[in-house]
Each structure stands twice: as C-alpha cells, then as structure tokens.
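**Q** Below, each chain spelled out in residue letters.
2 protein chains.
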Amino acid sequence: MNIVLLSGGSGKRLWPLSNDIRSKQFIKIFKKETGEYESMVQRVYRQIRNIDADAKVTIATSKTQVSAIHNQLGADVGISLEPCRRDTFPAIALATAYLHDVQGVSEEEAVVVCPVDPYVDESYFKALKDLGELAQNDTANLVLMGIEPTYPSEKYGYIIPSGKENVSQVDTFKEKPDEKTAKEYIAKGALWNGGVFAYKLKYVLKRAHELIDFKDYYDLFDKYETLTKISFDYAVVENEKSIAVMRFAGEWKDLGTWNTLTEAMEESVVGKGILDETCENVHVINELDVPLLCMGLKDVVVSASPDGILVSDKNKSSYIKPYVDNIDGQIMYAEKSWGSYRVMDVEEGSMTIKVTLNAGHQMNYHSHERRDEVWTIISGTGKTVVDGMEQTVSAGDVITMQAGCKHTIVATTELKLIEVQLGREISVDDKYKHEPEY
Amino acid sequence: MNIVLLSGGSGKRLWPLSNDIRSKQFIKIFKKETGEYESMVQRVYRQIRNIDADAKVTIATSKTQVSAIHNQLGADVGISLEPCRRDTFPAIALATAYLHDVQGVSEEEAVVVCPVDPYVDESYFKALKDLGELAQNDTANLVLMGIEPTYPSEKYGYIIPSGKENVSQVDTFKEKPDEKTAKEYIAKGALWNGGVFAYKLKYVLKRAHELIDFKDYYDLFDKYETLTKISFDYAVVENEKSIAVMRFAGEWKDLGTWNTLTEAMEESVVGKGILDETCENVHVINELDVPLLCMGLKDVVVSASPDGILVSDKNKSSYIKPYVDNIDGQIMYAEKSWGSYRVMDVEEGSMTIKVTLNAGHQMNYHSHERRDEVWTIISGTGKTVVDGMEQTVSAGDVITMQAGCKHTIVATTELKLIEVQLGREISVDDKYKHEPEY
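Line order of the protein sequences matches chains A and B. Per the numbering used here, the very first residue in the first sequence carries number 10; after that it's consecutive. Per the numbering used here, the very first residue in the second sequence carries number 10; after that it's consecutive.
Simulated from the structure, these hints should not be mistaken for lab results. Be careful, since some hints might not be right.
Note: identical chains are not told apart, hence a pair may lie in one copy or across any two.
[As the list claims (entries may be wrong)] Straight-line C-alpha distance at most 25 Å; calculated BS3-like pairs for lysine-lysine:
1. K65 with K262
2. K40 with K307
3. K185 with K345
4. K164 with K40
When you get a sec, could you build the whole thing from the sequences and use the hints?
**A** See the structure below:
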C-alpha cells in the first residue's frame, strides 16, 4: 500500500500543548501496552505497519514538522516536503509526484490519502487497504471512504451514495449541514466525508499536469511557491464523474478538541498529577516537572506545558481559539532535528535555555550578530567547535562565545547543556549558518 | 502602642504558594491603591502604622522568616527571634523580655499580642489600641478581644463574658464547640476568641520568671531550646482570675484557606490569567511567567507557583492538607536575606538556579564539598570573591568554582546570575560558611 498522510498545519486548539510550531499530532498522550506514551502520528504509523509491514508511508508536510517527524518515526519514513502551504491540491500533487519520481512508484499503482491524525483502530487501516485495491482495480477514478454517521453532526461534509451496497457510485456531495439537514441526509443513507480517498497514481498526475505547468517532482517542488492555493475537492473531486464510495462502520474519532482528545485517553493523568476522590471526569496532561493537584472538579481538563496552563470545562474547551489567538507567547519548548530546547528564563538582556542534543547529533555551525552565549555542559560528552577550534567537552565544561563567533556542538552521547544568551535584541532570527570547518 | 505580632509557622494550606519555608503571610496577594500588591504581613504593618505611626512593632518568629520579614517590612521592624518552636507561652515570654531588655520598654507599659495575619480594616487596630489602654489602666491583668460572632462557627474558641457591656469580666472560656453548642453559646452572649490580648509588661515577665528559670532576655534566648512546649492559654490564661474582655464588632477574617483568602481578594486574577466570560466566582493566583487560561469554571481557585499547580473547587480547598503533605517537593523558590533564588532545572548530577541579589547585599562566604558551581552573570554589577581573589563582575562574566573552593558575590546594583551546580549529591545541606577574607 502506498499511503500519503496529510500532516496539517499547526493550530492552537490544543493549547498549551499545541502552538505555532508544535502540532497536536506530535503530543505524546496515548499510553501503549509497554507503558510508554505515543503521539497521534506514532500511533497511526504503528497501526499502518501492523496491517501492512511493507506499506510505503509518505507524510506530506511543511518544514516546521520535519524534525518532529524524524524524531518520532525515525529516518525511514518518506516525507513530501511542502516548501510553503498551498492547500490540498498542490500538496497531493506534490506528494504523488514524489512517490513517482523519488520513490519510484509505478503510475499503475494505487495511492491512498488520509489525514495524519484520525483516532481509529486497525480495522480502519484494513479498510484503507481495501480502498487502495478498489482504486487499483479501476472501480472508479476516485474511491472515497464514507464513514457511517453515529449522530447528525454539523462538523462534517456528507457523501450521498447512489445505493446501499458496501461500494457504490457517489450521487452527490453535501457541505457541512445544520443538524436538521444532517438528519435528512442520514435518512437518505448519507455518509460522513472523512477526507480519505484512493486513486491510481497516473490519475492525479494527469490532473496535476492539466492544471499546473511542470516537468517532474523536482520542478514542481521548485515552483511550489508560485502555485495557486486550491483544494483537492475544488480542483479534482467536483469535476470528476467517476467516483465511488466504500462504507466504513468502524471506530473513527476526530480528536481536534480537548474534549474529544481526553475521551480517547486511557488514563486520567499524564505527567505529574493528583486527583482527589471527589474529582469526576477530570483529565490532567502535565508536561511541567511540578505536581498538579485537582480537588472537587467535574468535567474539567487541565493541561500545563512550558507555554502555559489551561483549566477548562470540557465542553467549553472547543471555544478556545479566540482566547489563545490573543496569547502572544514566546515558544518555550521546541523539538529540533538534533534534539530539543526549553526556555527557562527570559530577562531584558538575557535568555537562558536548556538544550538537549541526541547522541550523534549536532547543531548547525552558526553565529549570532547581537548576542554572546555561554554554554555549561550538565551531562553527556561531545565536541564543541568554536571558530574552527575543536574541544572535547563533558559535564562541568564551560564554553563562552562572543557575538560573531562561529560555533557548534556535536553530541557523542546524549548531551545536555545550559545556554545563557546575553545581548540587547535576542531573537531566533539572529542566526547565521556557516560551512563546517571541522 | 507596643504590639507583638505572632508570626506562625509555615503551613501548606495555601499550597503551592505556601510551603515548608514560605508562610502564607508573605504571599503578595492584596492589591493596594497604588496598584501594587502587598502580603498579609505588609497589610497589617501598614494598617498599624496608619493608626499609630509610633507603634513599636515586634514580630515574634523563627529564623526561617527573618529574611522575608526584612525584605517585606524593611530593617526597622523589631524581631523577637525564636531559636526553635516552643509554643506560645515561651514565644510571648521571649518577646516580652525582648521588649524590656532590648527595646527598653518600661515594665509599666502595656503590650498587645495579636496574630500576624488577620484580614481586618483599621477599626481593628484602633480596638487594639483601646485594648492596650485598658491593660495600661489596670482594668484586669489580661484584657482579651472578643469578636462578635457572625455565625455559629466550629473553628473558634468562645469567651463567655459576665455581662453585656463593651468591656466586662470573663466568665468562662469554651473550647471549639460543635455547631449546636456554638448556637447555645452565642445565645448566651459568647464571643469568638481571636487570640488577641493585652497585658502590662511586668505581668507576663513575672509569670515567665515563675515558670522559667532565667535572668534576662539574652539568658532566655540562650536556653530557649531547653524550654517545655506550653501554650499561653494553658500556662497563663487558665490560672488567671483577673481577665476582662472587650467586644469587637468590626470586620474580622481569618484567611487560612484558599476559600476564605480568595473572598478577600479585590481582583479575580493576580499574575498572568485569562478568564472566559462563562467563568463564575473563579480566582487565579499565578506566580509563573506563563499565561493561564480558565474556561467555563465555577467556584474554582487556580494557583500556580514554581512549587506546583492547584486547581480546586473553593469549598474543597480546605481539605488540601493530606494531599500536599504527600507531595515531597523540592522547594523551588525562596526569599533569602540577600535576595531570592528560583530552581529552574533539576537533573541527576546537576541543578540550575536563578539567583537575584539585592543591591548592596551579598551571600555568606561559603563552600561546598560535593559540587562544583558555574555562575554566569546576566545583569547588574558586583564583585566576586573566590578563595580570597576579588574580581569585579557584570553581565556576561562567568565564574567557575570547584568543590571546596570558598566563594561569595557582593551586589553593587541589583545583580542576577544563573548558577549551574554540578555534582553527585546536590543538597542545600552541603554548605560550609567561612570567615570573610575580603
């Protein structure tokens, strides 16, 4: 199976765990049988591998997510990097061209496209495989998954099939309706449109060439910024006559709000949290290293991260967006390709961060114009390079770097350090990459 | 007026803002007209000064509170330091001897004793002055304040006066009753015992000499550890026939729980906090430097500090003690005589703290046996002394100190630094003071 997972942009609906650079699909919140926690993207990737160990998984995403994807899924997963956000049609066209020109997938093979974050069991991925086979067997140019509605939701688009068979032609599509209209649709046998579909690779490649002037994947990648923003629905689905839909009646949840997310959590508490015996339907997700005590609460979610603290009635949590849009916060924690960092202190004229480098990884060789830096290694071993001078370092070593000085650190083992930045205008933009001299 | 404020021990009832070394009376939670916040002890001290600018205020307390008292009230306030906790009779005897032998107060002057943390208006302190005058005029050997009950509380002891006059002799004292008994007491004209009383200095001094073998304040201070723990009620009040009580009907609150404390707060939010429009009777006290968002909550208090986070139904908050007794937390923030520190990161083998030294202040000259330290100055100017070597320092300077090395820092201006501690067994006990060599 060739599967493209669309890994959507960031969002603040799960603030303070999601922010402008950290998307909800990377929050480690689901307990595995081993007792460890996994994120949505890790869960989905594991489920796909369980169903089809040879599945060719490609994640269509933007640059900001690449580090998190490699950290969570390893180096082997395919990534179709979108140089900028251009809506779903360019993204799917690019991922399809990537499969063809980079991964060498034949034009005759089927491709399944699916969001990266459904909360489902493995029957869903079995259905995805069936979906791919239907496309492979030319059932239609596009084969959609239609999810059996469990209530008249106003949140989803609806697919009206022409018949009641497991697989049938699509009669019409309907936009998100009000509840009354949703009931009418369901009475007619309508299905939810979960944004999941399959096609033969050559079909989307042909549509892409009709709508965009490009030679191959590399050319498309280079001119990606010049493309018009347009959705796959608008560009392809609405103009296609040959569309089939396959029914899916298994578990399917869209964990887009704290309310739905906590419903899927196995445990009430992730991280340090204490609930008194009078708490009812309370969930705590605490990423801070301090205790969090809840007493006498009902239907409440509490989430704490270096970015902030949310305490919300679960039903009210879906209205979070306008409040967090007004929070103009510094990003306090970020995963990078080489590890992670956490902001510990911000003062006028200084910022102190804790840096964790994964074993074998290193920062880019870089310099800053407007700040000096001091590193104090607190654990691990590695090598620093400062203006070309190499030095082996371990816990207790201190490295001082003036503004303008080129520097990097290479971790031999996992390595942690405290970085004190000193200067008048400290900014992530004040960073200049250099060719390695080491 | 000579007034002794009993500044009680630490407690965790207002966790995470109060802890083993930080008592509730030092939490800055009350908004002043200037827009700044003041603590209970600052509020009480200001109110006393407003009523009697010349009042001689002595705070009877233990060593752990001295830094906080000087930081919050300045250097002028009298402190009767209890070398250890020995209950109220030894504490009041010591404070009385302190007033006589250190402050030079005459034996014929009256002394008023009062807890450090009542939430009251200035009429209360006017009443204290009256109480002192009653003692001065020999109305009785002990003159108590009796608070007019507003409900049949089970939390207070009761005083049954012999008559209904403003000042009358005490008939009997009653222990904390159940609600039904409290109603009966109130029907008989009983008053709450708020632990406030006045006496002539020589009266308590005489009692003290009868019960304890000591010469003067200095002698009493030296043998304080050998004294038996005994309450003032048990040692003095129960054996005294000449006791008067003065009625007080003004505002009086005992802010011992989050529920009662938040009732006294002028504003819903202290620190960074956002309440959505559906929150009802919600209070936020956030000492962290990150936003805290509350949505759809009712009758809830949320409090966040470097020590932890509490989210509690207000009524339930009075049952906090067993939960926080089980939290075996590191103290993450502390005020010291020279400034304050905050723990930013704890790892096996290292701890990183932020230190703020007030202008003109310095640490003790000290060393550690089992840890190295690295200081990175982030703001201000001062002088470090390391094994006798002096060095002027300012932002950006880095000082490294091996285990065993004697060191201190003297702040010229307010000075902030990041201290990285490195070692196997990092503990506050690993600290050895030395005579200054500078």
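**Q** Hint by hint, note whether the structure agrees.
**A** How the hints compare with the structure:
no.	hint	result
1	K65 with K262	within (24 Å within a copy, 69 Å between copies)
2	K40 with K307	within (23 Å within a copy, 31 Å between copies)
3	K185 with K345	neither (37 Å within a copy, 61 Å between copies)
4	K164 with K40	neither (28 Å within a copy, 45 Å between copies)
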